[in-house]
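Chains as they are written, first to last, in the numbering used here: chain A, 1 to 93; chain B, 1 to 480; chain C, 1 to 483.
Since the hints were derived computationally from the structure, they do not count as laboratory data.
A couple of the hints might just be wrong.
[Unchecked claim] Derived DSSO-like pairs: lysine-lysine, alpha-carbon spacing no greater than 27 angstroms straight-line:
#1 172/B / 257/B
#2 79/B / 62/C
#3 11/A / 215/B
#4 72/B / 233/C
#5 360/B / 445/B
#6 475/B / 448/B
#7 259/B / 411/C
#8 90/A / 215/B
#9 462/B / 477/B
#10 18/B / 233/C
#11 91/C / 90/A
#12 334/C / 130/B
#13 46/C / 58/C
#14 172/B / 477/B
#15 27/A / 91/C
#16 11/A / 259/B
#17 130/B / 90/A
#18 90/A / 334/C
#19 53/B / 233/C
#20 27/A / 411/C
#21 130/B / 11/A
#22 130/B / 115/B
#23 11/A / 79/B
#24 380/B / 341/B
#25 215/B / 79/B
#26 361/B / 341/B
#27 380/B / 410/B
#28 361/B / 172/B
#29 79/B / 115/B
#30 233/C / 11/A
#31 4/A / 79/B
#32 79/B / 90/A
#33 11/A / 46/C
[To be verified] Facing chain C, a subset of chain A residues (Cβ under 7 angstroms, in silico):
#34 13
#35 14
#36 32
#37 42
#38 49
#39 78
#40 79
Built from N, CA and C at the ideal position, the CB exists for glycine as well.
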Amino acid sequence: MELKTIENLAKLARIHINDETLAETAKSITEVLALVGQLQAADTDNIQPMAHPLDAVQRLREDVVTETDQHASFQAIAPATENNLYLVPKVIG
Amino acid sequence: MEWETVIGLEVHVQLATKTKIFSAASTAFGAEANTQACAIDLAMPGTLPVANKQAFHYAVMFGLAIDAEIGKRSVFERKNYFYPDLPKGYQTTQLALPIVGPGHIDIELDGGEQKRVRIHHAHLEEDAGKSLHENFQGMSGIDLNRAGTPLIEVVSEPDMRSSEEAVAFARKLHSIVTSIGICDGAMSQGSMRFDVNISVRPKGQEKLGTRTETKNLNSYRFMEACIAQEVARQIDCLEKGEEIRQETRLYDGDTHKAKPMRSKEEANDYRYFPCPDLLPVVIDDDFIAAARAALPELLDARSARFESDYGLSAYDAGILCTDHPTANFFEATAKSCDDAKLSANWLMGDVSAKLNAEEKKLADSPISPEQLGGLIARIKDNTITTKIAKQVFEFMWAGEGDADAIIESKGLKPTGSGDLEKMVDEIIANNAKQVANYQAADESKRPKMLGFFVGQVMKASKGQANPQQLNQLLKAKLDG
Amino acid sequence: MHNLTIAEIIAKLRAKEFSSTEITQHFLKRIETLDPQYNSFITVTKEQALAQAKAADKRLVKGNAPALCGVPIAHKDIFCTNGVKTSCGSKMLDNFIPPYDATVVENYAKQHAVILGKTNMDEFAMGSSNETSYYGPVKNPWAVDCVPGGSSGGSAACVAARLAPGATATDTGGSIRQPASLCGLTGIKPTYGRVSRWGMIAFASSLDQGGVLTRTAEDAAIMLNVMASFDDKDSTCVDHELSDYTATLQDSIAGMTIGIPDEYFSEGLDPRTQELVEQAIKQYEKLGAATKRISLPHSHLAVPAYYVIAPAECSANLSRFDGVRYGYRCEDPKDLEDLYTRSRGEAFGDEVKRRILVGAYALSAGYYDAYYSKAQKVRRLIKQDFVNAFNEVDLIIGPTCPSPAFKFGAKGDDPVAMYLEDIYTIATNLAGLPALSIPCGLADGKPVGLQLIGNYFQEGRLLNAAHQFQTETDFHTLSPEGI
Chain A
1 MELKTIENLA KLARIHINDE TLAETAKSIT EVLALVGQLQ AADTDNIQPM
51 AHPLDAVQRL REDVVTETDQ HASFQAIAPA TENNLYLVPK VIG
Chain B
1 MEWETVIGLE VHVQLATKTK IFSAASTAFG AEANTQACAI DLAMPGTLPV
51 ANKQAFHYAV MFGLAIDAEI GKRSVFERKN YFYPDLPKGY QTTQLALPIV
101 GPGHIDIELD GGEQKRVRIH HAHLEEDAGK SLHENFQGMS GIDLNRAGTP
151 LIEVVSEPDM RSSEEAVAFA RKLHSIVTSI GICDGAMSQG SMRFDVNISV
201 RPKGQEKLGT RTETKNLNSY RFMEACIAQE VARQIDCLEK GEEIRQETRL
251 YDGDTHKAKP MRSKEEANDY RYFPCPDLLP VVIDDDFIAA ARAALPELLD
301 ARSARFESDY GLSAYDAGIL CTDHPTANFF EATAKSCDDA KLSANWLMGD
351 VSAKLNAEEK KLADSPISPE QLGGLIARIK DNTITTKIAK QVFEFMWAGE
401 GDADAIIESK GLKPTGSGDL EKMVDEIIAN NAKQVANYQA ADESKRPKML
451 GFFVGQVMKA SKGQANPQQL NQLLKAKLDG
Chain C
1 MHNLTIAEII AKLRAKEFSS TEITQHFLKR IETLDPQYNS FITVTKEQAL
51 AQAKAADKRL VKGNAPALCG VPIAHKDIFC TNGVKTSCGS KMLDNFIPPY
101 DATVVENYAK QHAVILGKTN MDEFAMGSSN ETSYYGPVKN PWAVDCVPGG
151 SSGGSAACVA ARLAPGATAT DTGGSIRQPA SLCGLTGIKP TYGRVSRWGM
201 IAFASSLDQG GVLTRTAEDA AIMLNVMASF DDKDSTCVDH ELSDYTATLQ
251 DSIAGMTIGI PDEYFSEGLD PRTQELVEQA IKQYEKLGAA TKRISLPHSH
301 LAVPAYYVIA PAECSANLSR FDGVRYGYRC EDPKDLEDLY TRSRGEAFGD
351 EVKRRILVGA YALSAGYYDA YYSKAQKVRR LIKQDFVNAF NEVDLIIGPT
401 CPSPAFKFGA KGDDPVAMYL EDIYTIATNL AGLPALSIPC GLADGKPVGL
451 QLIGNYFQEG RLLNAAHQFQ TETDFHTLSP EGI
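Could you put together the complete structure from these sequences and hints?
Quick look at the structure:
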């Protein structure tokens, strides 16, 4: 795997990877991809992908408000808040 | 070169559910920041979504209203991207299997011509929160109250050819979702938001030009302005021999200008895949039947019914079916007086003129449909003339009561038939000469000569005599 | 006292041989003195445990107390506990104190069970050796230079070291069964959807399933009775009739047919492990079960499919850790991108990063069909193998792991070697089937696990078969030297 590809993936996943560890990361990911590459040999013609182990369907919830305001306890564990708002570096619109 | 504009719309419609699409937190607008964002909406670790039945009910109602195929098996997928107003780092939406398949919406163009706009599909998804760009120590503030509000995104085919058509489509969609009650339609609160796909091509060319997408439009006016600007920009580019870049543009409601979004965001690869926390939603025939039963009569269908049931012209029926409140007002009036034509005329005439003059909505009319019906009934049974009715209407509008009470109290009651006959007899007795002349005259001259007697009785009755009744009475007495 | 099973503790609490407070104090004391050498707990909730024990003692006096009333247990640090740090073994959540309980935690609280603390684990449950924990590796009580397995290494080590009689755990690809095998315990992963995932921090949503680690099958049945529930807060939780797993433990297994898959006894299986597993199969024949060779022809594709699906799901599941609403946030972010990339870059460990990147790759434009979609198709083939097998047999038997516990660092820089540790356990997660591991002997003083796989919702039958084995053998009663 090329370093450029890893850099792009890291950017997509918003994970900073040090330049020193980039090559090591690329190497190990290449190994993992070689392992999963074994899938290509499987004959999957006419097989539907299976996203869930059980063939179940979604239950639907009644439209009734049961949640109450708990912003104080949620924001007590937040890194930065002001006026009830979560703070982040300026979002450029 | 002559250019043709091609427009497709993607419309986000907030559904009027009480709770979020995946949590039981309230969706009410205007609450204090983050007080309606529960653990699920905040994407706290270990929390899981459970889908709201009402959101599906509304989505299916919409599908039925636009004559679309209903997705009996729909699947939520994760659309992955990072943004502070998107707590999970992915938006739960539908892609391959949406709840609403292909359908259509008919729009009315200037000159009464109808045009069909095809709907590619409509899918259910969750809304994001809001970033507030006020300066908090150089930071932005995030309010997640809106996060998780259910939306349907309605995606049209590129079937519109002008900003007028696009606006007509948007208005029609607004009318549909509000009239079937699945959206409050409050555009200023963001209940409906538009993304516009625009391209131009030489007239006659079949191949579509490169399109741009302008996001974040929340009024018809902005949409119109934005389309005009973008079409002009694209034509200008092409005429200069430049290529149109496929890009996403953001409309700024303050500057009234659209700018391309940063290319960084455009390069996003959303990595959609089926959400493993949610299972496929299977809609059965009973569910669809319940949605159909909940659907009020659509305006187009109602208009057609007004033509056939009430014998109204297509034009009148169309006007009365601008919205359900107007159509309801009409039907209630017609029912109470049993005269659809007069009801239509009064509603589109005097009532409408009064409302316009006072800049009022029909809902604010001081006269109820039953009261208006009561007035029309008195015209029908010849108690009053149309002319008197207009005076009665004024008193009614001023809040002085029902037609009957006003007619009585204001002495507008025309001379009753007994009174009229007495009056006629009196006039005949007092004008023996004219009576003799009349009776001696030739048949053909008599109608003209009758005018004298009519005038005398009218004078005596202070104009309140019913002319038709009077004519009959006079002829009967004079002709012998 | 610490060598008692949960079943024995329940009986003795009722016989007033000791109080909940006494046994809780005993385990807390053991944790305090012995755990520094195992590192099996991330958080010990001493004050809370004593308060719970006191309340449980009162409840016991009233009579008719729930089964687990007053019994001390430990929770894997993946289950959210209201007011108690829940780290998931990550620096990312080192400061995270949830304001809510997982459904599993609630279920045990309703029973008045006593919670001793939160156990160590691989970071976000990604690992098979407990070496990826931010809080350091857990030592295997049978050989402290060896790994206890993972990701539920802390839960396994604390039960093996008699620091708790039982612990909750989770299993995404073998994270209950593999540590059970390496630490000489009974560990069961129920059918997908049997245990609520609400409040259980997600690694791979379609594979994760809560379960328990205990010393005996009977204890596992007692604990699972409480853990299993229908929960409408988890859309994937199944509304399937609940059974009393203790009620069927004594049933005879004579006449049961047990399948032996050829693919589970091939190259890569340690010969000592193979021998012990074959002896165990003979034991089952002695108990009256019929055995039958079967084939699960797509077994070799389970690990490759898993290492697409699990990373794909985790790459999205872990996006919420962004430094905005809770958890780790980097110092002085210069802009939004910096906040994201440094918070995540600094707080996630290498294995977590690796899986997120692999997952992002497998889902990215141009690769989706070749990786993600392909893996989901193979997943169906793997499930179909089991469906076919269960038309012929009642249970499937085989090794849990290819070999006994290995030394720290032995697979350190080779992720693929580590991934192959779960070669026999992963397929059941892909298929959503229940499976358990029970001890079947020692190889060079280290435990070896026997795996039993059941059909959907056949936890009762699995525990019955495990219990019957344990009535005839004493591998489950062995304890590490010095304990």
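Outcome of the hint check:
no.	hint	result
1	172/B / 257/B	25 angstroms, holds
2	79/B / 62/C	54 angstroms, violated
3	11/A / 215/B	24 angstroms, holds
4	72/B / 233/C	24 angstroms, holds
5	360/B / 445/B	52 angstroms, violated
6	475/B / 448/B	12 angstroms, holds
7	259/B / 411/C	52 angstroms, violated
8	90/A / 215/B	21 angstroms, holds
9	462/B / 477/B	21 angstroms, holds
10	18/B / 233/C	18 angstroms, holds
11	91/C / 90/A	26 angstroms, holds
12	334/C / 130/B	21 angstroms, holds
13	46/C / 58/C	19 angstroms, holds
14	172/B / 477/B	61 angstroms, violated
15	27/A / 91/C	25 angstroms, holds
16	11/A / 259/B	24 angstroms, holds
17	130/B / 90/A	13 angstroms, holds
18	90/A / 334/C	9 angstroms, holds
19	53/B / 233/C	14 angstroms, holds
20	27/A / 411/C	15 angstroms, holds
21	130/B / 11/A	24 angstroms, holds
22	130/B / 115/B	37 angstroms, violated
23	11/A / 79/B	16 angstroms, holds
24	380/B / 341/B	11 angstroms, holds
25	215/B / 79/B	18 angstroms, holds
26	361/B / 341/B	22 angstroms, holds
27	380/B / 410/B	20 angstroms, holds
28	361/B / 172/B	19 angstroms, holds
29	79/B / 115/B	34 angstroms, violated
30	233/C / 11/A	33 angstroms, violated
31	4/A / 79/B	24 angstroms, holds
32	79/B / 90/A	23 angstroms, holds
33	11/A / 46/C	43 angstroms, violated
34	13	5 angstroms, holds
35	14	4 angstroms, holds
36	32	5 angstroms, holds
37	42	5 angstroms, holds
38	49	3 angstroms, holds
39	78	6 angstroms, holds
40	79	4 angstroms, holds
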